[in-house]
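Make a model of the complete structure from these sequences and hints.
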Amino acid sequence: MTNRILIAGVLATLGFAACASSPSRELLDARSAYAHASAGPAAQAVPADLHIARVSLDKAEDAFHSDASNQRDLAYVAERKAELAEVLADRAGHTETQADAEARLGKAKDANHLQTKEELERTKSNLASSEQNAANSEKRADTADTHAAEADKRAAESDRKMKAMQLELAKWAAVKEEPRGVVITLSGSVLFASDKAALLPEAKTRLGQVTAALLETKERHLDVQGYTDSQGKDAYNVDLSQRRADAVRMYLVSQGYPPDLIVAHGAGKSLPVADNATAEGRANNRRVEIVIQPASGVTMK
Amino acid sequence: MLALFLGAALLGGCATTRPPTEKMESSAASIRGAEQAGAENVPRAALYLQLANEQSAKAKTLIASGGEDNMKAAANLLMRASADGELAIALADDDKARLAAEQAVADIQTFKQQTQ
Chain A
48 MTNRILIAGV
58 LATLGFAACA
68 SSPSRELLDA
78 RSAYAHASAG
88 PAAQAVPADL
98 HIARVSLDKA
108 EDAFHSDASN
118 QRDLAYVAER
128 KAELAEVLAD
138 RAGHTETQAD
148 AEARLGKAKD
158 ANHLQTKEEL
168 ERTKSNLASS
178 EQNAANSEKR
188 ADTADTHAAE
198 ADKRAAESDR
208 KMKAMQLELA
218 KWAAVKEEPR
228 GVVITLSGSV
238 LFASDKAALL
248 PEAKTRLGQV
258 TAALLETKER
268 HLDVQGYTDS
278 QGKDAYNVDL
288 SQRRADAVRM
298 YLVSQGYPPD
308 LIVAHGAGKS
318 LPVADNATAE
328 GRANNRRVEI
338 VIQPASGVTM
348 K
Chain B
37 MLALFLGAAL
47 LGGCATTRPP
57 TEKMESSAAS
67 IRGAEQAGAE
77 NVPRAALYLQ
87 LANEQSAKAK
97 TLIASGGEDN
107 MKAAANLLMR
117 ASADGELAIA
127 LADDDKARLA
137 AEQAVADIQT
147 FKQQTQ
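So the sequences go chain by chain: A and B.
Per our numbering, residue 48 is the first one in the first sequence, and the count goes up by one each step.
Per our numbering, residue 37 is the first one in the second sequence, and the count goes up by one each step.
None of these hints come from the bench; they were simulated from the model.
The reader is advised that the hints may include incorrect statements.
[Stated by the list, open to error] Dumping the calculated SDA-like pairs for lysine to any residue here, alpha-carbon to alpha-carbon at most 25 Å:
id : chain 1 : residue 1 : chain 2 : residue 2
1  : A       : K154      : B       : L135
2  : B       : K108      : A       : S71
3  : B       : K132      : A       : H141
4  : B       : K148      : A       : G153
5  : A       : K154      : B       : I144
6  : A       : K156      : B       : T146
7  : A       : K106      : B       : A109
8  : B       : K148      : A       : N159
9  : B       : K108      : A       : V102
10 : B       : K59       : A       : E108
11 : B       : K148      : A       : E168
12 : A       : K156      : B       : F147
13 : A       : K208      : A       : Y298
14 : B       : K148      : A       : A150
15 : B       : K96       : A       : R119
16 : A       : K164      : B       : T151
17 : B       : K132      : A       : G87
18 : A       : K106      : B       : T57
19 : A       : K164      : B       : Q149
20 : A       : K154      : B       : A140
21 : B       : K96       : A       : S116
22 : A       : K106      : B       : E58
23 : A       : K164      : B       : Q145
24 : B       : K59       : A       : D76
25 : B       : K59       : A       : F111
26 : B       : K108      : A       : E73
27 : B       : K132      : A       : Q145
28 : B       : K148      : A       : E143
29 : B       : K148      : A       : E166
30 : B       : K148      : A       : R151
31 : A       : K243      : A       : M297
Now the structure itself:
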């Protein structure tokens, strides 16, 4: 009897122990997995999946308390659900990272595109202005060419007039081309009365023709030089030749030749062109030379 | 397969010995999904796929043996297999998402280096 009671007691104790047995390894794992998942980003990122894990764990707990035959299976599933929630949260994090990186890349590309576009615009603009500069340079070069051509043309014209003048002058005055310039030699007897420095009427007519020709090229410097023969005092001769040169100069100026382009000086008996021993030679030495200086400044413009 | 189980259930005529068709379908679907997601190539996912396959195979043996206890045990194994398969799918997808994110981050770094 006591033995039976004892056995019943032992059985009852065993039965109680079975009901209140410690949780399975699966349930412990499931609890741990859920605790881990709910403490992580899953609560924020995938609340619905975490809730499913919670429900699954509750079912496993219920099965454990009711000592259901499949309590270990339900705990196994609950652990997987908790792990699933964590993995899904992790995945959501990756997706977010990807989206963020792609958005930043898009922005960077847009910014870069804009920058490239601006650079392109600047380059285009620079190119356009350099083309404009090139065009302007060309234009300036053209203008310079035109000026040069005009200058050449003027020089050619000047030379042509000079030639025409020489032909005209050759009829009554000696015209020579010398290194110092074109020299027009006017006979003193044609221009002046003896010992006088006033131009004869006939001389004015002739000088008029010279002046008309000279006025065609009134860019040249003229050097009017008076000469005498060797007779008489030197000082007197220099003075006379000076006054005669001045008279010619004054006449040219009166006809319109620029005064600042003409100088006059008396050289007296110096630089004779003929023998002073003969009357003919002395007549040739009495003269006025108009030296038309080379047109150095014209083509240089 | 499904027709066979249905046939067996009808022949058996007993509700308790009916094979757990719903659980069989859902576990098969999660295993298929895991395979399609490339779980075999992702170590952690491959592990759960393997577990799902093993438990599914064990369940099939039990179902083939017949009997109420075997059907119940099979149903529980299939429930485990489904959970393993789903986790395998999620792990495979997670790996892909991780690689895509790393690629996106690398892309922007490359772009910034190129344009600086």
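Verification of the supplied hints:
| no. | hint | in the structure |
| --- | --- | --- |
| 1 | A:K154 - B:L135 | 22 Å, holds |
| 2 | B:K108 - A:S71 | 20 Å, holds |
| 3 | B:K132 - A:H141 | 9 Å, holds |
| 4 | B:K148 - A:G153 | 12 Å, holds |
| 5 | A:K154 - B:I144 | 10 Å, holds |
| 6 | A:K156 - B:T146 | 12 Å, holds |
| 7 | A:K106 - B:A109 | 18 Å, holds |
| 8 | B:K148 - A:N159 | 10 Å, holds |
| 9 | B:K108 - A:V102 | 22 Å, holds |
| 10 | B:K59 - A:E108 | 22 Å, holds |
| 11 | B:K148 - A:E168 | 22 Å, holds |
| 12 | A:K156 - B:F147 | 8 Å, holds |
| 13 | A:K208 - A:Y298 | 21 Å, holds |
| 14 | B:K148 - A:A150 | 14 Å, holds |
| 15 | B:K96 - A:R119 | 20 Å, holds |
| 16 | A:K164 - B:T151 | 14 Å, holds |
| 17 | B:K132 - A:G87 | 21 Å, holds |
| 18 | A:K106 - B:T57 | 22 Å, holds |
| 19 | A:K164 - B:Q149 | 19 Å, holds |
| 20 | A:K154 - B:A140 | 13 Å, holds |
| 21 | B:K96 - A:S116 | 20 Å, holds |
| 22 | A:K106 - B:E58 | 19 Å, holds |
| 23 | A:K164 - B:Q145 | 22 Å, holds |
| 24 | B:K59 - A:D76 | 23 Å, holds |
| 25 | B:K59 - A:F111 | 22 Å, holds |
| 26 | B:K108 - A:E73 | 19 Å, holds |
| 27 | B:K132 - A:Q145 | 11 Å, holds |
| 28 | B:K148 - A:E143 | 20 Å, holds |
| 29 | B:K148 - A:E166 | 18 Å, holds |
| 30 | B:K148 - A:R151 | 10 Å, holds |
| 31 | A:K243 - A:M297 | 15 Å, holds |
Checked against the numbered hints listed earlier, the structure breaks none of them; every hint is satisfied.
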